[in-house]
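The sequence shown begins at 28 in our numbering and counts up one residue at a time.
It is worth saying that the hints were derived from the structure and are not from the lab. Treat each hint with caution, since some may be false.
[Stated by the list, open to error] Taking lysine to aspartate or glutamate and the EDC-like style, the derived pairs with C-alpha atoms no more than 20 Å apart in a straight line are:
hint, residue 1, residue 2
1, K97, D124
2, K139, E82
3, K91, E121
4, K120, D102
5, K60, D93
6, K88, E71
7, K133, E82
8, K61, E149
9, K133, E121
10, K60, E150
11, K88, E121
12, K73, E58
13, K114, D102
14, K128, E82
15, K137, E82
16, K137, E121
17, K139, E150
18, K137, E71
19, K73, E149
20, K133, E149
21, K91, D102
22, K114, E104
23, K137, E58
24, K84, D111
25, K95, D124
26, K73, E150
27, K139, E149
28, K84, D135
29, K91, D124
30, K133, E58
31, K88, E104
32, K61, E150
33, K137, E150
34, K120, E104
35, K97, E82
36, K95, E121
Keep in mind it's a predicted model, so treat the numbers as computed, not measured.
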Amino acid sequence: MKFLSLIFILALVSLGYGQRIHNVQYRHKLELKKRFALLNLSNEQKNQIRATITETKLAIKPVKTDIKLKRVQLDNEMRAEQPDQAKIMALTKEISDLQLKIRQAKVDGKLKILSALTPVQEEQLNLPFTK
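Model the full assembly from the supplied sequences, consistent with the hints where possible.
What follows is the structure in structure tokens.
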């Protein structure tokens with residue numbers, strides 16, 4: 028009975044933490060949308076920014092899939108009766124390299140978005156946000 032209660036409590040805490048992370052991410056996206064709304068972007072700028080966001084998401088999606096596959100392979104290797112340390116280290120490096128590729132794509136996307144803004148708009152985007 029105590030074991031079931033402990034599992035139930037852990038499940039509730041996990042769900043609450045996951046919801047909290049989702050709310051923080053949602054608020055961040057909402058704040059960015061508000062900031063961009065205040066920049067008075069031209070239609071050309073809006074289209075360029077949307078295209079950059081789509082391009083970045085499309086570049087990242089297959090890399091995320093590769094990461095998931097490598098993690099499954101790593102998990103399988105770790106659970107093997109005789110884990111191969113060299114293979115485990117190689118998979119870990121591959122996962123790390125793929126994560127770096129995602130970070131670089133995101134930075135590249137942010138730089139492209141910033142290049143679409145005027146210096147005044149870029150300055151406004153970086154100002155502290157007040158409600």
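Consistency of the hints with the structure:
Taken as a hint, the K97 and D124 pair is honoured in the structure, with Cα atoms around 11 Å apart against an allowance of 20 Å. Restraint check: the Cα-Cα separation between K139 and E82 comes to about 11 Å, which is no more than 20 Å; the hinted pair holds. A hinted pair counts as satisfied when its Cα atoms are at most 20 Å apart, and K91 with E121 qualifies at roughly 12 Å. A C-alpha spacing of about 14 Å is found between K120 and D102, which places the hinted pair at or below 20 Å, so the restraint holds.
Taken as a hint, the K60 and D93 pair is broken in the structure, with Cα atoms around 30 Å apart against an allowance of 20 Å. With a C-alpha separation of about 26 Å, the suggested pair K88 and E71 falls outside the 20 Å cut-off, and the hint is violated. For a cut-off of 20 Å, the pair hint linking K133 to E82 stands: about 10 Å separates their Cα positions. For the hint pairing K61 with E149, the CA-to-CA distance comes to about 14 Å; that is within 20 Å, so the pair holds.
For the suggested pair K133 and E121, the alpha carbons sit about 19 Å apart, so the restraint of at most 20 Å is met. Taken as a hint, the K60 and E150 pair is honoured in the structure, with Cα atoms around 16 Å apart against an allowance of 20 Å. Between the alpha carbons of K88 and E121 the distance comes to roughly 16 Å, so the proposed pair stays at or under 20 Å and holds. Using a Cα cut-off of 20 Å, the hinted pair K73 and E58 holds, with the two alpha carbons roughly 17 Å apart.
Under the criterion of a C-alpha separation no larger than 20 Å, the hint pairing K114 with D102 is consistent with the structure, at around 11 Å. With a C-alpha separation of about 14 Å, the suggested pairing of K128 with E82 holds against the 20 Å cut-off. A threshold of 20 Å between alpha carbons decides the hint, and for K137 with E82 the separation of about 12 Å falls inside it, so the pair holds. Proposed proximity of K137 and E121 is contradicted: the alpha carbons are some 25 Å apart, above 20 Å.
Between K139 and E150 the CA atoms are separated by roughly 16 Å; this keeps the pair inside 20 Å, and the hint holds. A distance of roughly 17 Å separates the Cα atoms of K137 and E71; the hinted pair therefore holds under the 20 Å criterion. For the given pair, K73 sits about 14 Å from E149 by alpha-carbon distance, which is consistent with the 20 Å threshold. In summary, the hint linking K133 to E149 is supported, as the alpha carbons are separated by about 18 Å, within the 20 Å threshold.
Straight-line distance between C-alpha atoms of K91 and D102 comes to about 16 Å, which keeps the hinted pair within the 20 Å bound. A distance of roughly 8 Å separates the Cα atoms of K114 and E104; the hinted pair therefore holds under the 20 Å criterion. Between K137 and E58 the alpha-carbon distance is near 16 Å, which keeps this suggested pair within the 20 Å criterion. Restraint check: the Cα-Cα separation between K84 and D111 comes to about 34 Å, which exceeds 20 Å; the hinted pair is violated.
Taken as a hint, the K95 and D124 pair is honoured in the structure, with Cα atoms around 13 Å apart against an allowance of 20 Å. With a CA separation close to 17 Å, the supplied pair K73 and E150 stays within the 20 Å bound. Using a Cα cut-off of 20 Å, the hinted pair K139 and E149 holds, with the two alpha carbons roughly 12 Å apart. Using a Cα cut-off of 20 Å, the hinted pair K84 and D135 holds, with the two alpha carbons roughly 12 Å apart.
Only pairs whose Cα atoms come within 20 Å are accepted, and K91 paired with D124 is accepted, the gap being roughly 12 Å. The suggested pairing of K133 with E58 holds, with an alpha-carbon distance near 18 Å, which does not exceed 20 Å. Using a Cα cut-off of 20 Å, the hinted pair K88 and E104 is violated, with the two alpha carbons roughly 25 Å apart. Note on K61 and E150: the hinted pairing holds, with a Cα-Cα distance of about 15 Å set against a maximum of 20 Å.
For a cut-off of 20 Å, the pair hint linking K137 to E150 stands: about 15 Å separates their Cα positions. As the CA atoms of K120 and E104 are separated by approximately 14 Å, the hinted pair is consistent with the 20 Å bound. Of the supplied pair hints, the one linking K97 and E82 is violated, its CA atoms being roughly 24 Å apart against a limit of 20 Å. For the hint linking K95 to E121, the alpha-carbon distance of about 11 Å falls within 20 Å, and the restraint holds.
Hint compliance for this structure: hints 5, 6, 16, 24, 31, 35 are broken, all remaining hints hold.
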